[in-house]
Amino acid sequence: MTADPVDIALFAAKLGAVFFAVLTLAAYLVFAERRILAWIQDRKGPNRVGPFGLLQPLADVIKLLTKEDLVPAAADRWLFYLAPAMAAIPALLIFSVIPFGAPLTIAGHTLPLLIADLNVGLLFFLALSSIAVYGVAIGGWASNSKYSLLGGIRGLAQLISYELSMGLALVPVVMMSRSFSMTDIVTAQQSMPFIVYQPLAFIIFLISITAECRRIPFDLPEAEGELVAGFHTEYSGMRFGLFFVGEYINIIVLGGLAATFFLGGWHGPLLPPVIWFSIKTLAFAFLMIWLRGTLPRLRYDQLMHLGWKILTPLALFNILVTAWLLFLTS
Amino acid sequence: MEQIIFYILAIVTLIATVLAISEKHPVHAILYLVTSLFAMAVIFYLFMAPLVAAFEVILYAGAIMVLFLFVIMMLDLGHPEKGLSPHWKEWLPSLLLAGISIASLTIVTVSRHASSIVSPVSLPIREVAKRLFQEHGLAVELISLQLLFALVGALYLGKQSSPSPPLRPPSASERRAGGEEK
Numbered sequence: 001m002t003a004d005p006v007d008i009a010l011f012a013a014k015l016g017a018v019f020f021a022v023l024t025l026a027a028y029l030v031f032a033e034r035r036i037l038a039w040i041q042d043r044k045g046p047n048r049v050g051p052f053g054l055l056q057p058l059a060d061v062i063k064l065l066t067k068e069d070l071v072p073a074a075a076d077r078w079l080f081y082l083a084p085a086m087a088a089i090p091a092l093l094i095f096s097v098i099p100f101g102a103p104l105t106i107a108g109h110t111l112p113l114l115i116a117d118l119n120v121g122l123l124f125f126l127a128l129s130s131i132a133v134y135g136v137a138i139g140g141w142a143s144n145s146k147y148s149l150l151g152g153i154r155g156l157a158q159l160i161s162y163e164l165s166m167g168l169a170l171v172p173v174v175m176m177s178r179s180f181s182m183t184d185i186v187t188a189q190q191s192m193p194f195i196v197y198q199p200l201a202f203i204i205f206l207i208s209i210t211a212e213c214r215r216i217p218f219d220l221p222e223a224e225g226e227l228v229a230g231f232h233t234e235y236s237g238m239r240f241g242l243f244f245v246g247e248y249i250n251i252i253v254l255g256g257l258a259a260t261f262f263l264g265g266w267h268g269p270l271l272p273p274v275i276w277f278s279i280k281t282l283a284f285a286f287l288m289i290w291l292r293g294t295l296p297r298l299r300y301d302q303l304m305h306l307g308w309k310i311l312t313p314l315a316l317f318n319i320l321v322t323a324w325l326l327f328l329t330s
Numbered sequence: 001m002e003q004i005i006f007y008i009l010a011i012v013t014l015i016a017t018v019l020a021i022s023e024k025h026p027v028h029a030i031l032y033l034v035t036s037l038f039a040m041a042v043i044f045y046l047f048m049a050p051l052v053a054a055f056e057v058i059l060y061a062g063a064i065m066v067l068f069l070f071v072i073m074m075l076d077l078g079h080p081e082k083g084l085s086p087h088w089k090e091w092l093p094s095l096l097l098a099g100i101s102i103a104s105l106t107i108v109t110v111s112r113h114a115s116s117i118v119s120p121v122s123l124p125i126r127e128v129a130k131r132l133f134q135e136h137g138l139a140v141e142l143i144s145l146q147l148l149f150a151l152v153g154a155l156y157l158g159k160q161s162s163p164s165p166p167l168r169p170p171s172a173s174e175r176r177a178g179g180e181e182k
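Chains A and B supply the protein sequences, listed in that same order.
Per the UniProt record's numbering, the first sequence starts with residue 1, numbered consecutively.
Per the UniProt record's numbering, the second sequence starts with residue 1, numbered consecutively.
Calculated directly from the structure, the hints in this document are not laboratory data.
Where is the CB? At the ideal position from N, CA and C, for every residue including glycine.
Among the hints, a few may not be true.
Claimed, not checked - Label pairs and their computed distance ranges (CB to CB):
no.: 1; chain 1: A; residue 1: Thr24; chain 2: B; residue 2: Val110; range: 34 to 42 Å
no.: 2; chain 1: A; residue 1: Ser236; chain 2: B; residue 2: Phe47; range: 41 to 49 Å
no.: 3; chain 1: B; residue 1: His87; chain 2: A; residue 2: Gly16; range: 57 to 65 Å
no.: 4; chain 1: B; residue 1: Arg131; chain 2: A; residue 2: Pro5; range: 40 to 48 Å
What the hints assert, rightly or not - Some, not all, of what chain A presents toward chain B, calculated at C-beta under 8 Å:
no.: 5; residue: Pro72
no.: 6; residue: Ile131
no.: 7; residue: Ala137
no.: 8; residue: Gly152
Said to hold, decoys possible - Cut-off 30 Å, straight-line C-alpha distance, at most; resulting in silico cross-link-like pairs (BS3-like, lysine-lysine):
no.: 9; chain 1: A; residue 1: Lys146; chain 2: A; residue 2: Lys63
no.: 10; chain 1: B; residue 1: Lys24; chain 2: A; residue 2: Lys146
no.: 11; chain 1: A; residue 1: Lys44; chain 2: A; residue 2: Lys63
no.: 12; chain 1: A; residue 1: Lys67; chain 2: A; residue 2: Lys44
no.: 13; chain 1: A; residue 1: Lys146; chain 2: A; residue 2: Lys44
no.: 14; chain 1: A; residue 1: Lys309; chain 2: B; residue 2: Lys159
If we strip away everything but chain B, and leave its shape as in the complex, we get:
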């Protein structure tokens, strides 16, 4: 029974992920990605990791993807131009990367096939928290700082590319906030 559910979920995840990459319309792509994340979360739940499943939905499907959707709706990116298919030269780096990932994955799976079967153990939340914040506390803090660096960097790059006032019309919230104060 659980195996059947797992295979259904795995197929849903795979198809949704492929569609998320190939879909030209950004809003549709985001919804496919959300579907994929959701199916992944249920797979985690099947593997006796309800905490990971919950965080997958709360953080990825519920927060990050919602922000993506918000930005896309706000900037009105909903009209993909036709004929955006990349030049063959642009395919090369991604093909190379894909080749490396697939090769390393194959090597790892083949070489550790016998020893990699571990029966899942359900860990209480307290144990997970102890491992994360006591044993690996420094690493967790470093990773969160890294996200902050990325944020600051993105802000810097975004600011730099548009020294003149932004060309887009003021957003709904700005217009409202400005209009009401007059």
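Isolated chain A (complex conformation):
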């Protein structure tokens, strides 16, 4: 397999650009969240570092990197080190299968605007999101603390439950696009985004990925009112930072996936494709922040009830109806 050096250079540039964009966006999402929450709650929010507080993420990174890195004496040392990486890396890897723009042509070389066009892209996402569970579970367990363990167990149960409804909500998408490849799914929505045909699946997917992000109203693994900080109680410095940034990378990635599966991906009138993709992704991020400013936390039994008794049966029913309609129309 010999590749053109220009192709390799373009690929490396693309990889670097995506990496930089996602990480910067995640850092600024933290800032945006603090400002928007402050706005919702009628406060000012961080506005001292740089103009409008825009350098706040930089200051936060410096703070996290220079803080003391504590490891509890009774912790399982290696797993304690490993867990934050296991929480952040799968989220970053998922972004590699999301098409974020129409293919570009630079000097005779076509450059597809996604990192890896796998023909099982959708399954790749499901596989990695099920691996991301280990970060929470191992982090909670390895800390050897009651709060962390409870948070870890809660996180495990929650993520397993909502992964199911998330996967089932994606089945109609696969049925309609007849492919697991992300590129094909986006191409199938050229004329009409799937949200028009599948509003129910979209809502189920949206609720499920909010739970997968472990955000309010589903932030029971962290639940600061009862578990201190849940699975990351014992973490400090950049290890805590990895969990933290992982959460925001997750928001961006899941927003990108919601856009790809239901909102037509990068398709849209007038504006360039990359801009459309960014608008859709950031709209989801804004929705997450808005929800956090609006909703209270669910109780644990309510969480399980919603996942197993409402979302999963609804998703199954939706699959049946979709199959029936597709059978009638074909």
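We have chain A already, so just place chain B on it with the hints.
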């Protein structure tokens, strides 16, 4: 290049599997097993079977192992007692089984050495689905029923062995659910 990756993955799989068996601590053992499954999945991907690779991770590493981990964390099995090494008599059946497996594997490999080299062909997902659910549909259903039987059987055995109320303290979720309703 692919050969080097394959050998690295194969070594990782082997070492992780051996460690998963020999490790006394259940949580560590599960993580070794997950590592092994993950490396196996990448090997499948190298063999042009991305679908199998994805299912390996989704089902085994992502679902079954997570459930194992959940149960172990929930029941607090994280303290293996010392001196649990089995008696030599208990080794005999497993040694016998291992001997039979190794012998049959050797015979199969030696006798079919020349004919067993097949170049990998990439099958589209639709073909795989057709083979699975149209040609072998009945077998697939039977296997899934078998899993259900195992589940029911395990439940029955578990219920039978503890007629009295369970001795363990209520789990985190039970305690919460019960406490909130009062």
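Now for the hints, and whether the structure bears them out:
| no. | hint | verdict |
| --- | --- | --- |
| 1 | A/Thr24 with B/Val110: 34 to 42 Å | violated (58 Å) |
| 2 | A/Ser236 with B/Phe47: 41 to 49 Å | holds (43 Å) |
| 3 | B/His87 with A/Gly16: 57 to 65 Å | holds (59 Å) |
| 4 | B/Arg131 with A/Pro5: 40 to 48 Å | holds (41 Å) |
| 5 | Pro72 | violated (15 Å) |
| 6 | Ile131 | holds (6 Å) |
| 7 | Ala137 | holds (6 Å) |
| 8 | Gly152 | holds (7 Å) |
| 9 | A/Lys146 with A/Lys63 | holds (27 Å) |
| 10 | B/Lys24 with A/Lys146 | holds (23 Å) |
| 11 | A/Lys44 with A/Lys63 | holds (21 Å) |
| 12 | A/Lys67 with A/Lys44 | holds (26 Å) |
| 13 | A/Lys146 with A/Lys44 | violated (36 Å) |
| 14 | A/Lys309 with B/Lys159 | holds (25 Å) |
Hint compliance for this structure: hints 1, 5 and 13 are broken, all remaining hints hold.
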